[in-house]
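Each chain is listed here by its residues.
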Amino acid sequence: MSETQGQYQFAGRIEGGIDAIVVGAGFNGLVAAAYLGRAGLKTILLGASADVGGGVKERTFASGLKYPDGEHLVSHLDPVMIEDLDLYRFGLSYAARRLDTVYFFEDGQSLHLSGDLLRAGGVEYEDEDERAAFAKFMEEALEAAAFLRPVFEPVGGDAKAFDKLIRSAPAGLAARINQYLLASVDDVLDAGLPSGLFKTAMTSEAAFRAGAAPNEPFSFMELLRRWSGEVSGLQGALAFPEGGAPAVIDALRRAAQAAKVDIREAVPVSSILIEKDRAAGVEFEGGGQLRAPLIIAACNADRAFQRMIGPAELDLEFQRALLAPAPKIAPASVHLALSGVARDEKTEENMRRRLVYAPPPAKLRRAFAEARAGDIPEDLIVETIFPGALDGGLASDSLQTLSAIAHPLPFDLEADEKRREAIQNAIFSNLEKFAPEITGRIEETALRLAADRAGEAGEKPSVFAARGPVIRQAALARAAAAGNIGGFYFCGPEAQVGAGLSGLAGRIAAKRALKESRRGGFS
Amino acid sequence: MIFPADDVIADNPRASPLYAAAAAANDANVWTSVNGWAVARVFTSVEKEYKAAKDGAAIADLGPLSRYAVRGGDAALFLSRVTTAPAARLDPGDSARGLMLDYEGGVIDLAEVSRLSDDLFLLTTPTPHARRLQLAARGLDAGAEDISEAVAALGVFGPGAGEALTAAGMKTPGHEVASSAMVRGVETAARPMQFGALPGVELIFPADEALTVWERLVRRGGVGPIGLDALETLRIESGAPRPGVDFISADHARASGRRTPAEIGLPHLAPLDRGWYNGRRGLRYTAPKPTRALVTLLIDDDRSAPGAAVFSGGKAVGRITSCAWSPTAKRVIAFADVSRPIDGKGYEISVPPPAEGNVPGKLFETAENILARAYLAAQASATDSRS
Numbered sequence: 001m002s003e004t005q006g007q008y009q010f011a012g013r014i015e016g017g018i019d020a021i022v023v024g025a026g027f028n029g030l031v032a033a034a035y036l037g038r039a040g041l042k043t044i045l046l047g048a049s050a051d052v053g054g055g056v057k058e059r060t061f062a063s064g065l066k067y068p069d070g071e072h073l074v075s076h077l078d079p080v081m082i083e084d085l086d087l088y089r090f091g092l093s094y095a096a097r098r099l100d101t102v103y104f105f106e107d108g109q110s111l112h113l114s115g116d117l118l119r120a121g122g123v124e125y126e127d128e129d130e131r132a133a134f135a136k137f138m139e140e141a142l143e144a145a146a147f148l149r150p151v152f153e154p155v156g157g158d159a160k161a162f163d164k165l166i167r168s169a170p171a172g173l174a175a176r177i178n179q180y181l182l183a184s185v186d187d188v189l190d191a192g193l194p195s196g197l198f199k200t201a202m203t204s205e206a207a208f209r210a211g212a213a214p215n216e217p218f219s220f221m222e223l224l225r226r227w228s229g230e231v232s233g234l235q236g237a238l239a240f241p242e243g244g245a246p247a248v249i250d251a252l253r254r255a256a257q258a259a260k261v262d263i264r265e266a267v268p269v270s271s272i273l274i275e276k277d278r279a280a281g282v283e284f285e286g287g288g289q290l291r292a293p294l295i296i297a298a299c300n301a302d303r304a305f306q307r308m309i310g311p312a313e314l315d316l317e318f319q320r321a322l323l324a325p326a327p328k329i330a331p332a333s334v335h336l337a338l339s340g341v342a343r344d345e346k347t348e349e350n351m352r353r354r355l356v357y358a359p360p361p362a363k364l365r366r367a368f369a370e371a372r373a374g375d376i377p378e379d380l381i382v383e384t385i386f387p388g389a390l391d392g393g394l395a396s397d398s399l400q401t402l403s404a405i406a407h408p409l410p411f412d413l414e415a416d417e418k419r420r421e422a423i424q425n426a427i428f429s430n431l432e433k434f435a436p437e438i439t440g441r442i443e444e445t446a447l448r449l450a451a452d453r454a455g456e457a458g459e460k461p462s463v464f465a466a467r468g469p470v471i472r473q474a475a476l477a478r479a480a481a482a483g484n485i486g487g488f489y490f491c492g493p494e495a496q497v498g499a500g501l502s503g504l505a506g507r508i509a510a511k512r513a514l515k516e517s518r519r520g521g522f523s
Numbered sequence: 001m002i003f004p005a006d007d008v009i010a011d012n013p014r015a016s017p018l019y020a021a022a023a024a025a026n027d028a029n030v031w032t033s034v035n036g037w038a039v040a041r042v043f044t045s046v047e048k049e050y051k052a053a054k055d056g057a058a059i060a061d062l063g064p065l066s067r068y069a070v071r072g073g074d075a076a077l078f079l080s081r082v083t084t085a086p087a088a089r090l091d092p093g094d095s096a097r098g099l100m101l102d103y104e105g106g107v108i109d110l111a112e113v114s115r116l117s118d119d120l121f122l123l124t125t126p127t128p129h130a131r132r133l134q135l136a137a138r139g140l141d142a143g144a145e146d147i148s149e150a151v152a153a154l155g156v157f158g159p160g161a162g163e164a165l166t167a168a169g170m171k172t173p174g175h176e177v178a179s180s181a182m183v184r185g186v187e188t189a190a191r192p193m194q195f196g197a198l199p200g201v202e203l204i205f206p207a208d209e210a211l212t213v214w215e216r217l218v219r220r221g222g223v224g225p226i227g228l229d230a231l232e233t234l235r236i237e238s239g240a241p242r243p244g245v246d247f248i249s250a251d252h253a254r255a256s257g258r259r260t261p262a263e264i265g266l267p268h269l270a271p272l273d274r275g276w277y278n279g280r281r282g283l284r285y286t287a288p289k290p291t292r293a294l295v296t297l298l299i300d301d302d303r304s305a306p307g308a309a310v311f312s313g314g315k316a317v318g319r320i321t322s323c324a325w326s327p328t329a330k331r332v333i334a335f336a337d338v339s340r341p342i343d344g345k346g347y348e349i350s351v352p353p354p355a356e357g358n359v360p361g362k363l364f365e366t367a368e369n370i371l372a373r374a375y376l377a378a379q380a381s382a383t384d385s386r387s
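Those protein sequence lines, which keep their order, are chains R and H.
Quick note, in this note's numbering, the first sequence goes up one by one and the last residue is 523.
Quick note, in this note's numbering, the second sequence goes up one by one and the last residue is 387.
Simulated from the structure, these hints should not be mistaken for laboratory data.
Remember, predicted model here, so these are calculated numbers, not experimental data.
Think of the CB as a built atom: it goes at the ideal place given N, C-alpha and C, for glycine as much as any other residue.
Accuracy of the hints is not assured; some may be wrong.
Computed list of lysine to aspartate or glutamate pairs in EDC-like fashion (alpha-carbon distance at most 16 angstroms, straight line) [claimed, not checked]:
| no. | chain 1 | residue 1 | chain 2 | residue 2 |
| --- | --- | --- | --- | --- |
| 1 | R | Lys57 | R | Glu242 |
| 2 | R | Lys160 | H | Glu104 |
| 3 | R | Lys276 | H | Asp273 |
| 4 | R | Lys57 | R | Glu265 |
| 5 | R | Lys136 | R | Asp190 |
| 6 | H | Lys171 | H | Glu187 |
Across the chosen pairs, the derived CB separations fall in these ranges [what the hints assert, rightly or not]:
| no. | chain 1 | residue 1 | chain 2 | residue 2 | range |
| --- | --- | --- | --- | --- | --- |
| 7 | H | Ala316 | R | Ala146 | 43 to 51 angstroms |
| 8 | R | Pro325 | H | Arg373 | 42 to 50 angstroms |
| 9 | R | Ala174 | H | Gly36 | 43 to 51 angstroms |
| 10 | H | Gln134 | R | Thr347 | 54 to 62 angstroms |
| 11 | H | Arg254 | R | Ser232 | 43 to 51 angstroms |
| 12 | H | Arg254 | R | Arg167 | 16 to 24 angstroms |
| 13 | H | Gln379 | R | Ile166 | 35 to 43 angstroms |
| 14 | H | Ala309 | R | Arg167 | 26 to 34 angstroms |
| 15 | H | Ala309 | R | Asp163 | 25 to 33 angstroms |
| 16 | R | Ala174 | H | Ala255 | 18 to 26 angstroms |
| 17 | H | Arg373 | R | Arg320 | 35 to 43 angstroms |
| 18 | R | Arg167 | H | Gly344 | 36 to 44 angstroms |
Partial list, computed: chain R residues near chain H (C-beta under 10 angstroms) [stated by the list, open to error]:
| no. | residue |
| --- | --- |
| 19 | Ile274 |
| 20 | Asp277 |
| 21 | Gly310 |
| 22 | Glu313 |
| 23 | Leu314 |
| 24 | Phe318 |
All chains, full assembly: derive it from the sequences and hints.
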């Protein structure tokens with residue numbers, strides 16, 4: 001590493017003969033680089049840290065047991081990207097591709113919904129009226145989510161396309177969408193699912209990892225965004241890739257290498273050179289330069305625009321959207337190694353599901369208020385999976401791994417030991433509400449807060465906070481991906497609506513760059 | 001620098017530092033308010049004031065305009081970003097005109113930038129832009145301090161402006177370049193300015209000294225004040241569009257009311273082949289082709305009023321946005337917002353009742369037109385294929 005670093009970075013060296021540079025070796029960076037490489041462009045992928053994949057990577061407990069960190073499920077992996085880059089050939093596979101969800105409630109009840117959301121309405125339930133209302137709600141919401149998919153993709157150039165799309169909806173759907181755009185989760189659910197477990201479950205589903213509480217306007221779109229994705233052809237489904245999310249990165253890395261992408265690690269870029277209104281290359285912290293007519297930035301927007309390009313080249317309105325404060329809420333994930341591995345069939349079957357603790361809506365509202373004020377809420381939504389049960393390759397004979405994401409938690413700039421323990425205890429107490437025996441079996445714990453991820457990536461913690469309203473995210477994504485500087489394209493997290501691995505932003509940035517390179521210039 | 005639209009319903013307008021002097025000199029006592037400040041429309045008579053400015057010199061209270069002192073290591077970068085004026089290329093003493101654009105290239109306001117020293121600039125805009133300037137300074141080592149309230153500003157216009165200043169003992173080398181100096185014991189910043197085609201000097205000094213400077217100019221320099229109505233005639237003659245009247249700021253306009261620099265006849269103030277400024281990308285890559293044009297018309301009828309319909313070939317193509325009687329042309333002169341292409345043969349303008357029918361309106365050339373045409377011709381012959 002240090003040798004190559006010296007080679008590329010020494011001051012004064014200017015390297016040319018390159019067609020395209022991708023800055024940032026996270027998920028979207030790999031996607032973009034693989035596209036460019038496959039198109040025959042001499043492409044260099046520059047990673048700031050020593051390994052590709054951004055925060056998604058395999059880590060190990062002290063005992064040596066491995067666990068996948070970063071996203072623990074995928075729901076939005078871009079199917080076009082998978083096909084274009086031949087990811088299945090490069091090793092992408094799913095260990096489980098349609099995870100059922102079991103919701104657990106405060107009073108000890110539970111609700112088991114099919115992983116195929118279109119069939120979730122057919123669940124067995126004692127009260128037929130409530131079930132029918134839920135089936136209708138699911139049908140309507142899924143229809144709207146599928147229809148709105150283009151809104152959540154930063155493809156269209158402007159807001160007009162968005163207006164046009166909504167106007168093109170059939171009358172009944174258009175009216176519903178207009179309501180969904182503005183409504184809070186509570187508004188929509190109160191109208192469709194007045195009471196019962198369905199309402200509690202859906203409230204938690206919509207609020208999970210969201211920046212807004214379920215009673216706040218615009219919050220319902222978060223749920224439609226989540227359900228707009230598809231995994232192996234199934235809308236709104238959740239899948240666990242074999243080897244976890246890091247295995248997806250590995251497949252992408254292989255795809256990029258097969259496309260002859262030159263991957264250079266641990267070469268932090270300090271600025272993107274703009275000359276005569278066009279991207280001209282990048283400059284390293286050491287002073288050396290790499291010059292190419294196409295630059296794709298796959299790091300976060302604050303770094304790419306504010307620091308690498310510089311405010312003097314940014315449109316004011318765009319900069320303002322970029323610097324808008326993030327919600328003071330972030331999810332936290334915790335990885336546990338549990339002693340003893342269940343052998344009975346029923347428990348094993350349960351462990352191959354996604355288990356969600358859904359607090360009562362009123363307590364959830366309070367939790368958002370508390371988290372925003374910096375307090376640790378008593379009630380949290382906890383999404384749990386057992387990677388070892390889902391994927392034999394991650395299993396161990398004596399220990400069972402558990403991966404949980406809890407939300408909403410206060411967004412800490414720095415968390416000291418005491419604070420970490422309090423957060424951990426809050427997560428555990430919610431875990432215990434549906435799995436009472438679990439805390440006694442904990443052998444090892446790895447708590448991962450937004451601040452930890454930020455510290456490792458050398459980024460502002462706000463990059464890892466929950467994001468604002470979906471429609472605002474979509475507007476920012478369109479503006480960020482618009483590519484108004486000739487030869488410069490952006491596919492960092494802000495070019496994507498919502499969290500999770502998608503690759504769509506990388507594909508779009510690369511396609512735009514390729515179009516420009518074929519045209520022989522930016523016009 | 002042009003006054004923005006007056007706020008006709010402003011309640012209890014504020015008195016500028018020069019208000020006492022202006023009120024004392026005001027025989028006609030016709031007032032309006034601009035940006036919330038009281039401004040005299042007429043002092044004696046419109047024609048007399050107009051003639052004085054055309055042949056000799058006249059002074060106007062420029063207090064209602066917004067003024068900012070811009071300081072910091074990145075001050076030039078900051079101004080090049082928030083306005084289209086080439087601030088980075090100004091030497092101390094130079095001034096430049098420009099526009100404020102939003103990111104899509106819609107015109108927000110006019111702007112004038114003067115460089116007083118290496119790291120001190122003066123920014124003048126018709127309307128206040130505190131929030132925008134605050135946003136533009138983020139990430140840069142620069143800040144804009146609103147000095148509108150702390151200073152008084154006075155414009156001396158006309159061919160005799162230099163003479164009047166000399167007679168008042170206020171002539172300094174600073175009147176050819178923007179500078180600041182102690183003049184007769186008063187810290188004064190002076191910069192050359194253009195009111196349309198009229199050359200002039202703008203004096204900016206502490207509000208406390210306002211009356212001293214005004215009196216010295218009136219008594220020793222022998223100049224009289226000019227009101228907003230006479231200035232309006234001078235403005236239309238020179239082809240300078242007035243924000244809020246001839247075009248609506250892109251900050252407030254609906255989609256159909258947004259105008260690009262080319263659509264208000266000022267393409268030369270937002271050149272695409274120089275450095276970057278806010279809105280340039282929008283103008284260059286995403287803005288649609290101009291569909292409107294702001295034209296200046298000579299109208300053979302003195303009853304025309306803003307809002308009158310403009311016809312071309314029998315079809316309504318736009319409206320009169322502002323008009324005034326020009327003693328030089330002996331005609332009504334007007335700005336009209338019309339659709340493109342511009343009809344070279346002229347237009348017809350509707351006449352308010354009880355008269356019926358239309359009167360002809362002919363295009364006339366202004367100083368601003370000439371600059372715009374020269375710029376467009378240079379663009380067409382440029383080899384830069386990207387623009």
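Results for each hint:
1. R:Lys57 / R:Glu242: Within the cut-off at roughly 13 angstroms; holds.
2. R:Lys160 / H:Glu104: Holds, because 14 angstroms separates the two Cα atoms, which is no more than 16 angstroms.
3. R:Lys276 / H:Asp273: holds, 9 angstroms
4. R:Lys57 / R:Glu265: Holds: lysine 57 (chain R) and glutamate 265 (chain R) sit about 15 angstroms apart, inside 16 angstroms.
5. R:Lys136 / R:Asp190: holds, 14 angstroms
6. H:Lys171 / H:Glu187: The given pair, whose Cα atoms are some 14 angstroms apart, holds under the 16 angstroms limit.
7. H:Ala316 / R:Ala146: 43 to 51 angstroms: holds, 46 angstroms
8. R:Pro325 / H:Arg373: 42 to 50 angstroms: holds, 47 angstroms
9. R:Ala174 / H:Gly36: 43 to 51 angstroms: With a Cβ separation near 44 angstroms, alanine 174 (chain R) and glycine 36 (chain H) satisfy 43 to 51 angstroms, so the hint holds.
10. H:Gln134 / R:Thr347: 54 to 62 angstroms: holds, 60 angstroms
11. H:Arg254 / R:Ser232: 43 to 51 angstroms: The hinted range 43 to 51 angstroms holds for arginine 254 (chain H) and serine 232 (chain R), with Cβ atoms some 46 angstroms apart.
12. H:Arg254 / R:Arg167: 16 to 24 angstroms: Holds, since arginine 254 (chain H) and arginine 167 (chain R) (Cβ atoms, about 18 angstroms apart) stay within the stated range.
13. H:Gln379 / R:Ile166: 35 to 43 angstroms: holds, 39 angstroms
14. H:Ala309 / R:Arg167: 26 to 34 angstroms: holds, 32 angstroms
15. H:Ala309 / R:Asp163: 25 to 33 angstroms: holds, 31 angstroms
16. R:Ala174 / H:Ala255: 18 to 26 angstroms: Between alanine 174 (chain R) and alanine 255 (chain H), where Cβ atoms are some 21 angstroms apart, the hint holds.
17. H:Arg373 / R:Arg320: 35 to 43 angstroms: Roughly 36 angstroms apart at Cβ, these two residues keep to the hinted range, so it holds.
18. R:Arg167 / H:Gly344: 36 to 44 angstroms: holds, 40 angstroms
19. Ile274: holds, 8 angstroms
20. Asp277: holds, 6 angstroms
21. Gly310: holds, 7 angstroms
22. Glu313: Because about 6 angstroms separates glutamate 313 (chain R) from the closest Cβ in chain H, which is inside the 10 angstroms limit, the hint holds.
23. Leu314: Interface hint status for leucine 314 (chain R): holds (8 angstroms vs cutoff 10 angstroms).
24. Phe318: holds, 6 angstroms
Consistency with the previously given hints is maintained throughout, with no hint failing.
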